[in-house]
Amino acid sequence: MAEQKQQIEEFVPSEYSAGFVTEIESDSLPPGLSEETVREISRIKGEPEFLLEWRLEAYRHWLTLETPEWAHVNYPEIDYQAISYYSAPKDKKDGPKSLDEVDPELLRTYEKLGVPLEERARLAGVAVDAVFDSVSVANTFQDKLAEEGILFMPFSKAVKQHPELLKKYLGSVVSYRDNYYAALNSAVFSDGSFVYIPKGVRCPMELSTYFRINAANTGQFERTLIIADDDSHVSYLEGCTAPMRDENQLHAAVVELVAMDRAEIKYSTVQNWYPGDENGKGGIYNFVTKRAACRGESSKVSWTQVETGSAITWKYPSVILQGDNSTGEFYSVAVTNNMQQADTGTKMIHLGKNTTSTIISKGISAGRSSNAYRGLVRIGPNAENARNYTECDSLLMGDTCAAHTFPYIEVKNPTAQVEHEASTSKISEDQLFYCKQRGMDLEDAVSMIVNGFCKEVIHQLPMEFAVEAQNLLGLSLEGSVG
Amino acid sequence: MKQLNELATPFATVAESSDLPGQDLPWLQALRQRALTQFSTAGLPAKKQEDWKYTSLWNLSQHPFTHQAVESTVDAAQVEDLALLDDAYRLVIVDGVYVATLSQLDDLPVGLTVRPFSASLDSVKQQLGQQVALDKVGLTALNTLLMKEGVMVHVAADTVVDKPIELLVINSGATADLATHLRNMIVLDVNAQATVVEHYVGVTDGVNFTNVVSEVVLAEQTELFHYKLQQESHQAFHIATLAAKQAAGSQWHTQNITLGGKLSRNDVHSRLEGEQSHTTMDGLYLLNDEQHADTHTRIDHLVPNTTSNELYKGVLNDECHGVFNGKVIVHQDAQKTDSNQYNHNLLLSRGCAIDTKPEMEIYADDVKCGHGSTVGQLDMDQLFFLRARGLDDVTARSLLTHAFAVDVLARLPSETIRQALSAVIEQRLPRGEKS
Amino acid sequence: MLEIKNLHASVDGKDILKGINLTVKPGEVHAIMGPNGAGKSTLSNVLAGRDGYEITQGSVTFQDEDLLALEAEERARRGVFLAFQYPVEIPGVSNIYLLKAALNAVRTHQGLEELDAMDFLTLVREKLKLVKMDEDFMYRGVNEGFSGGEKKRNEILQMALLEPTLAILDETDSGLDIDALKTVSEGVNALRSADRSIVMITHYQRLLDYIVPDFVHVLSDGQIVKSGDKELAKELESKGYSWVHAEGPAA
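Line order of the protein sequences matches chains A, B and C.
FYI, the numbering for the first sequence is 1 to 482, going by our numbering.
FYI, the numbering for the second sequence is 483 to 917, going by our numbering.
FYI, the numbering for the third sequence is 918 to 1168, going by our numbering.
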């Protein structure tokens, strides 16, 4: 067995394939954060007064807060004055009108990342908003979507074209008072995606935003807002990558979802930010606040995430189940390898009657990484007949990694039924031997077993994403079996 | 955190004035001094501390307690009535004071020592305070500062004690607002085996504050069956810390049954320090009225090849509030750990609440760990079945609730003790109000 | 003994029973047959008094009393026994405890003394033989870990002990192999008497080969669409339920 272990460790750790840098000229704000920075961002984006005021309130509130320390992660103090809060490829401040206007270097970047921006992408049937550092650089299929009355555009454009919708919904699910990073994001967010699905419309294609951090010393602070009006349906995908750099970079996003009566939102993420090298040098600090409000009756929000990247992941996509008969789902795979740290999970807040939530979390730890599930299931006093089922499984690979489970269950209604199960396991030598005896090599065997472990979650992803996620799982864990 | 001067009871002054045992022992005085320093800085735990998130000690901090007990009138017949077991070695403490005349310690077998704490200071010197962390919780510091009485059980090597040992702690109600700080030491030498029952009873429904720390030291190949039954007054504050260190091959089976107290808090901790050691940690909290019961358990698997089973159940009625936090930590070298933890709760009426958090922290890969937690109601199909067989609604509910509750006694080997505990639980069952 | 008149019942606002009429006299054995979804289980649950069913019209009289006004346990004590299609498991409550509690509830209602432990045990042993069950079963949790056949035999054991006036057997044959079916049927046949009525609810005819009914009724879409003697069951078996549908509701 020792021999085999050595053999496994000899595998070269996988190359982070999205780790290249795009050589492109950028307009960036100098590092530093002050009220002036906030005003400057708002000025560059040409924002209405109400938004600037809101940013400033958020900034002033942020100043009163302390960094949260409850998560099971360790990192040096972040110097917020050393970060640049705005970076955009030159001359693209207003965003391109069509793909012809997009810098060919950028198109090549996205092509290299496998993101369909070109017209041939029509075949893939996915509408894409590509966010490069602080701004949106390409946004496809807008016309086709407009025929259905669907709004899918960069946040900065929505600010100008639909200020009334923003005024109504921005911060209505995640207040800037919510937490430290939400406050910071509210003050300095630069771009992101805005989606509005009108009443009764079933969005005919997958919508997706592709986030790319390119510039050095830059933080990315984007904001996504999705509103699904009565009886509408939308599936939204989100992907993220960044170059390999020795410094840590900060990503603090906020995502707000609103589902009205009988509306359904499916939100899928494949997060593959640069995780740092095998010694923990570099990588993205991913501090994200994602929350959905099931405002309407019989509404449904489903979060699916595959988290393989980032040096630190701190995110809890949550659902507030306000509407009667509403449903919240959270399907998660979180992989940590080398020195990565993840503290992720969800909150299901049951307020309405007959509300149902399901949580399926799969954590895979390898190397010297740490992987924690943190979840809250809260049943309010008026949430009659609420139901929750939680399943939380950890797979450990190697004796130097760690897996944790911190499930909070708070029940204040006697008709509630809550069930939580958790288990921990390893890939057994028997399983590996069995696979090898049947002719598989070690990598394939591990990949097969890991994919089997995550099957319930991967099945929730749209087809194109599922394939990408499966490959990513194999790559992230290469060289980690022991 | 509550500073000393914000507390309604001047605990520090009490320490100076009261006739605590061991004034002539420098090592003990030094320990008490450390406790005073610690308590002065840390005070009582506050809700913003994660371990106290759901439990407020505000009422405790604002209640003026006395440490001077007047003479009580508990007699032998009453003791017989209150004791859990008829046939046991028994040490009786009434209102914080050891009562020799009510205890049954005359015919102890060779190898067994059962003595009041105050008369055992020299023999506990080596191990006192080694199982608990003074700096962790202000209440342990407070206990160390003011500990006065308790029981010391010592079982010599290769001794198998023939009868259970019952520590019966009675609050007679003779002294209103009495605070008692008890310290128990249970030490089993190599290859010893014993059964110990810690039994706390309130006779009246008055207010009192029991702050008890029990330390358990299990040498190699020992086996301790350890039951704690808490039946204090529904106005009482009951704070209990129970901690064990286990050497190789030792087995600790502990059952923790909480029925009384207005506010109760149990911290149960085992450290599996030797290979092949095992902990069974079971418990039940059966609450009604406005009772608040908080149980925090922690099992540290520190070395390879250790096992633990944990099952806690809650039955909640009326306006009560239950809290359960179970933590299992598998340390980096603790390969081949096998651990499972379950917490199941039955909510029987509107107004009650449960907060439960079954946690795992795992730093080794070759382990089998599982936990589960549920919150729910009585099964409607079972209820209908029983009614269709002629049992009335109240009886059927009571029967199902009893079956749910006594499940935590299933692993208990002694038929006598199981039946005694089962009967106590049955008496306390809610009579099946409809939910 | 039992008189069901124009019984309508609904679940969650959906009408399931749509006017059942049935009269059962002492000592009679009636079989109620019907396809899935006809309302068979609803009928047995309504007769036994399960919550969750709304009686929208009609009446059920049992021994001159309004059965529908009684709680489930009151019906049981008056001699209405339901043998469940799916007997529940109740871990932690022993079979013997349940039997004793149930028997004493009935006896108390009848103004009889509770049986002492010895008499009770003697009685149980006698009844155990009837259904060929081992005494060990008595000390296990109710139906806990029992096989399908054991659960059904346990139902008949309870029936034998409680000696009901009216026994409703809900799909008692389902999930049984032929040997278990014989044992259960022998148990039921041994309990047939001039003052005990039995209503059997079943999907299949095969049970009726072992417990021969005096009357057979076909239940379809919440109504009894056809009644006859045991020959009707045979006819059904050969022609299928669609045959009854084609003929329409009985006048």
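Careful, some of the hints might be misleading.
[Unchecked claim] No more than 27 Å apart at the CA atoms, straight line, and that leaves these computed lysine-lysine pairs for BS3-like:
1. 412/A / 818/B
2. 744/B / 347/A
3. 412/A / 529/B
4. 168/A / 353/A
5. 199/A / 160/A
Quick caveat, the hints were computed from the structure, so don't treat them as lab data.
Fair warning: this is a prediction, and the values are worked out from it, not measured in the lab.
Hint-by-hint comparison with the structure:
1. The hinted pair formed by residue 412/A and residue 818/B fails the criterion: a straight-line CA distance of about 38 Å is larger than 27 Å.
2. Restraint check: the Cα-Cα separation between residue 744/B and residue 347/A comes to about 31 Å, which exceeds 27 Å; the hinted pair is violated.
3. Between the alpha carbons of residue 412/A and residue 529/B the distance comes to roughly 19 Å, so the proposed pair stays at or under 27 Å and holds.
4. A C-alpha spacing of about 26 Å is found between residue 168/A and residue 353/A, which places the hinted pair at or below 27 Å, so the restraint holds.
5. Between residue 199/A and residue 160/A, the direct Cα distance comes to roughly 22 Å. Compliance with the 27 Å bound is thereby established for this hinted pair.
Of the numbered hints stated above, those contradicted by the structure are hints 1 and 2, listed in ascending order.
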